[in-house]
Amino acid sequence: MRSLISLIKNEFKQLNILIIVSTLIIAVWEWFLITRTGHWPPGLSFGLGFIPLFFLPLIMIFLGYNSYRSEWDNNNIYLLKILPRRGYEINFAKFFPAFAYYLILSGALIVVNLYFHQDFLAGVFRQIPETLGREVFREFSILAYLSYLITGIQLYLITQFAYIIASFYNRFRLLISILVFILSHYLILRVGGFFNYLFNWLPDFPVTIFMENPAGVTESTVYIGSAPFAVILLLMTGLFFLNSRLIASDVDV
Amino acid sequence: MSRKKLITYLLIILTLVMIVDVRYVQSDNNLFEGLITESIEEMIKAENNFFQYNYNQDSIKAQKDGNLRLGSDFLRENKEINSFNLKNEFGSIQLQGSKNQEINIDYTLKVHAEDREAAEEFIQDLKVIYNLEGANLEIHLNRSQTDTPELIKVVEIDYRITVPEELQTELRNNYGKLQVQNLKAEVNGSNRYGSTRVNNIESPVILKLAYGESRIDNLGSTLEFDSSYAENTISNIAGNLKLESAYGFNKISNLESDLEMKSRYGGAEISSAENIEISSRYTGFTISDVEGKITADSEYGEFKLSQIEDLDLELRYADVEITSLPDYELYSYDLSTEYGDINADFAALENRSKEKLSYQGQRAKYEIIVNSEYGDININ
Numbered sequence: 001m002r003s004l005i006s007l008i009k010n011e012f013k014q015l016n017i018l019i020i021v022s023t024l025i026i027a028v029w030e031w032f033l034i035t036r037t038g039h040w041p042p043g044l045s046f047g048l049g050f051i052p053l054f055f056l057p058l059i060m061i062f063l064g065y066n067s068y069r070s071e072w073d074n075n076n077i078y079l080l081k082i083l084p085r086r087g088y089e090i091n092f093a094k095f096f097p098a099f100a101y102y103l104i105l106s107g108a109l110i111v112v113n114l115y116f117h118q119d120f121l122a123g124v125f126r127q128i129p130e131t132l133g134r135e136v137f138r139e140f141s142i143l144a145y146l147s148y149l150i151t152g153i154q155l156y157l158i159t160q161f162a163y164i165i166a167s168f169y170n171r172f173r174l175l176i177s178i179l180v181f182i183l184s185h186y187l188i189l190r191v192g193g194f195f196n197y198l199f200n201w202l203p204d205f206p207v208t209i210f211m212e213n214p215a216g217v218t219e220s221t222v223y224i225g226s227a228p229f230a231v232i233l234l235l236m237t238g239l240f241f242l243n244s245r246l247i248a249s250d251v252d253v
Numbered sequence: 001m002s003r004k005k006l007i008t009y010l011l012i013i014l015t016l017v018m019i020v021d022v023r024y025v026q027s028d029n030n031l032f033e034g035l036i037t038e039s040i041e042e043m044i045k046a047e048n049n050f051f052q053y054n055y056n057q058d059s060i061k062a063q064k065d066g067n068l069r070l071g072s073d074f075l076r077e078n079k080e081i082n083s084f085n086l087k088n089e090f091g092s093i094q095l096q097g098s099k100n101q102e103i104n105i106d107y108t109l110k111v112h113a114e115d116r117e118a119a120e121e122f123i124q125d126l127k128v129i130y131n132l133e134g135a136n137l138e139i140h141l142n143r144s145q146t147d148t149p150e151l152i153k154v155v156e157i158d159y160r161i162t163v164p165e166e167l168q169t170e171l172r173n174n175y176g177k178l179q180v181q182n183l184k185a186e187v188n189g190s191n192r193y194g195s196t197r198v199n200n201i202e203s204p205v206i207l208k209l210a211y212g213e214s215r216i217d218n219l220g221s222t223l224e225f226d227s228s229y230a231e232n233t234i235s236n237i238a239g240n241l242k243l244e245s246a247y248g249f250n251k252i253s254n255l256e257s258d259l260e261m262k263s264r265y266g267g268a269e270i271s272s273a274e275n276i277e278i279s280s281r282y283t284g285f286t287i288s289d290v291e292g293k294i295t296a297d298s299e300y301g302e303f304k305l306s307q308i309e310d311l312d313l314e315l316r317y318a319d320v321e322i323t324s325l326p327d328y329e330l331y332s333y334d335l336s337t338e339y340g341d342i343n344a345d346f347a348a349l350e351n352r353s354k355e356k357l358s359y360q361g362q363r364a365k366y367e368i369i370v371n372s373e374y375g376d377i378n379i380n
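Going down the list, the protein sequences come from chains A and B.
In case it helps, the working numbering puts the first sequence at residues 1 to 253.
In case it helps, the working numbering puts the second sequence at residues 1 to 380.
FYI, nobody ran anything at the bench for these hints, they're computed from the structure.
One should not assume that every hint holds.
As the list claims (entries may be wrong) - Not the full set, but computed from the structure, chain A residues with beta-carbon under 10 Å of chain B:
(1) L79
(2) I165
(3) F195
(4) N200
(5) Y223
(6) P228
(7) T237
Claimed, not checked - For lysine-lysine, the following DSS-like pairs were computed, each having C-alpha atoms within a straight-line distance of at most 27 Å:
(8) B:K262 x B:K293
(9) B:K4 x A:K81
(10) A:K81 x B:K5
(11) B:K242 x B:K208
(12) B:K262 x B:K304
(13) B:K242 x B:K87
Just so you know, even glycine gets a beta-carbon here, dropped at the ideal spot from N, CA and C.
Go ahead and model the full structure; you've got the sequences and the hints to work with.
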């Protein structure tokens, strides 16, 4: 356990610069927007405050691609493979810091954005029934953030998988990575469609929504299928262990 | 076999599978389909029925007429105006072009409310106004039609508009009739939950309609048409017609140019057209009098064709019936089907299997190619 923690610490250290630089950039951006809140049209700085959320998945792609590439570049891959740790532990040590970074930074960004735009949000909620507005907002936010987190995990693991597959080859690694990246998404989308049937028994997510009609909006509850969420988590767990297995046993140094 | 080789073969096979799947299978079964539950499908249906159950003549508690006139002086002073933009959340729009250089908007406001007094007070301050943004003239009510005080439900507006015929128009309407006619400039329109009539337009038209019926005719240029849950009658179109249709029936006639059609669930009756290109699922077609080539990639549907020239069909789970060919000898035939039968009167004496037929007409001028899986091919 101690050596696993030590591995995780090492991985965190390697991410130090990225964490500091990206946190600073995002902090400056948010600070700039907060100072402009009173001067710009209502909602503009609130909306722009979420822009960094579009970049974090790209950073997850970068981290996934570099997770083992950096080991090859620094000639550490041999040392990594002879570590007396199981493949999934090594892979977890890579995955955990990246996911923690993604989770904390995106979560902090959302919280800061919501906190500093409470007046604007209160104004929005005043225009719609209080309970309906907050209820919908909470449900929608939870589902959207859950999807966002899954997207980040998916991008990281698929990119990592793409690089590991490409590392079987000596040439055209980037090209092969791109091909595997596309293929993996296609397979998840298509195979996931069939896996959905296995999880149809799961209770669906109730979501209160606005129904637009000539009178404005009315409250309605619809149910969103939960099977795709279960399927994607299952597939990602499988991919995590596949990556671990490939890096521990199959990739030649 | 080395791991590298195994992975290479796997990658090649999967890539080919992906290409074939994306290009040919076009199945709707994917991960995200699982998000759609019955309650979501019911919600879509409920939205369709909402209007007729909740708003009618009885719910109108106040009504008044009004007029907004932007005369020739206004248009002279604002020569940059080239676009007329109107969004009506609830009501109808009747717009027609005129040779006069003026914009005349007659309108009727109807306030649907729970209380008559509140409605009468509310309607007093209501009027239609304009907003000039660059070259775009926007018309709207001075208050929101749907975001209203507590006792007021919604403001319905019926517009009757005349604009200069060379003014481009962008119209968005909901829950009522949309009618546009006699314009020389481009039209971009959309309508949900209401009937639509568009005719005598000389420039390109873009339309997006849902839930209703439409009649579109006498267009001097192209038509780009996105339709869902609608019955459409389209005729006399000079330019190309690009139609995307879902859950609807389309009756199309007298096209002077090509038709490109994508369809899911529904039917189409097409007569008199140039080249036709079809991509469809669960759609039946009756096509006649085509002076060009019909190309189709379709599954689950039926094709009834008559008086055609060149034909190239790729079909799955779809029967095709070709009748009224002017002369069998004018065509060369290349027909094949898997898990289906070919029946062709003219080739009864030829040696052939039930699943393949090649026949070169004596005076072959046109070509009929049909590749089918799980479908019959009949030529009578």
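Tell me the hint numbers this structure goes against, listed in increasing order. Those not satisfied are hints 1, 7.
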